[in-house]
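There are 2 protein chains.
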Amino acid sequence: MSLRYALLALLNVEPMTGYDLYKQFESSVGYVWHAPDSQIYPELRRMERDGLLQGEEVPWGTKGRKRQYHVTDAGREAFRTWVNTQLDYPRERDPIHLKAAYLEWAEPEAARQQLQAHIEHYGARLLQWQQKIEEIDGGTSDMLNRRLATVPDVDHQRVAAFKRFTYEGLTARAEQEIAWARRGLALVDSLYP
Amino acid sequence: MSLRYALLALLNVEPMTGYDLYKQFESSVGYVWHAPDSQIYPELRRMERDGLLQGEEVPWGTKGRKRQYHVTDAGREAFRTWVNTQLDYPRERDPIHLKAAYLEWAEPEAARQQLQAHIEHYGARLLQWQQKIEEIDGGTSDMLNRRLATVPDVDHQRVAAFKRFTYEGLTARAEQEIAWARRGLALVDSLYP
DNA sequence: CGTCTCATGTAAGGAGTTACATGATTTA
DNA sequence: TAAATCATGTAACTCCTTACATGAGACG
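Chains as they are written, first to last, in the working numbering: chain A, 126 to 318; chain B, 126 to 318.
If you are wondering where the hints come from, they were derived from the structure by calculation, not from laboratory data.
Treat each hint with caution, since some may be false.
Here chain A is said to cover these stretches of chain B; the calculated rule only asks that three of the stretch's residues, wherever they fall, bring their Cβ under 8 Å from a Cβ of chain A [to be verified]:
id	region
1	205–211
2	289–296
3	302–308
Positions of the beta carbon are idealized from the N, C-alpha and C atoms, including for glycine.
Using the sequences plus the hints, can you model the full thing?
Set out below in structure tokens:
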């Protein structure tokens, strides 16, 4: 259900086509929420059916057409309700930690490789998220700048602050995961001298 | 696909029925991986069909019957392969952080409540996970003790160490989430004086 | 003229949730 | 004997993944 609100969030800034949204999910917003095109296009149609979006056919080139969606009042209201509503926390279900509990079954070398991969995975994410923070601080974030253009100056600080807060949480998580995996590597070394 | 290996992990310790496994997922193991009965029973049948488990009808009371599953050689081999194989990391998809990025749309009070709920959610998890660590350290973990009974003494330390390592990662994550939400509360206070 | 990007889909299947359904056994 | 626990399912639905499919426009 979050996909719906991720789409509303992006379309609140400006009208876009499914493809525009798909690209956003591949890059910027995709570092917080990812969705493939095969999920985006049907969801946009459902959202229009439910009255949250209004689509408009616009010409593209001489023969081409594309469908641009903008958020309706009902859509803005639904989004506002979502941000104000407590969401349910899913039950725990983490493949990495599940496997970590049974690493005594693994070859030491395989255990090391997987912990190393964990470090690399979160290392790459960390760089991306840190870069987002730098963009926010430097005022070079395209998406944020477009969003800021639609709100009064007095609210700019607030809008930017929550974006920064989000990426701070993600970088802290990444750092924690890296630290944990490093402790895991040390543990493997100590158990298999 | 992880459900399959969570089930194998539990059945590696001793044969169990679907209901036994369901209870484990409701309590102990459930703090790392949860699954409802409606997912467990069909998966057990699929695993038997695939030769990873062997089920056996055992009488229960006078008229009742239950099906007890034990892991086959193929099942143990599949589990060993799983722990040795690098798993794919899913793309980022986190409803909490997605929403955090748009908290400027929320009422300050609603924002506070949701951050508070985040603290309470991870606070409760933290206690559960810390308790698991204490059980491991104190030798009072039922599941771990049964598992240790099946391996040579020299491996005991190793088996326990990885269980502890898992819960250390989860507690560190919980503490990080709590710290993040606390910063969020301070941020809301500073933005809406 | 070929390749990359833009643009929009369908189809099959896996994983998980929620709700519904049934009956035996044990225990207070 | 009523309630809790043990035991095992089905059915409908949502969400997501992977793969397949097609065609126009832009650029070099």
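Now the hints, each set against the structure:
| no. | hint | result |
| --- | --- | --- |
| 1 | 205–211 | holds (count 6) |
| 2 | 289–296 | holds (count 5) |
| 3 | 302–308 | holds (count 4) |
In this structure, none of the earlier numbered hints is contradicted; all agree with it.
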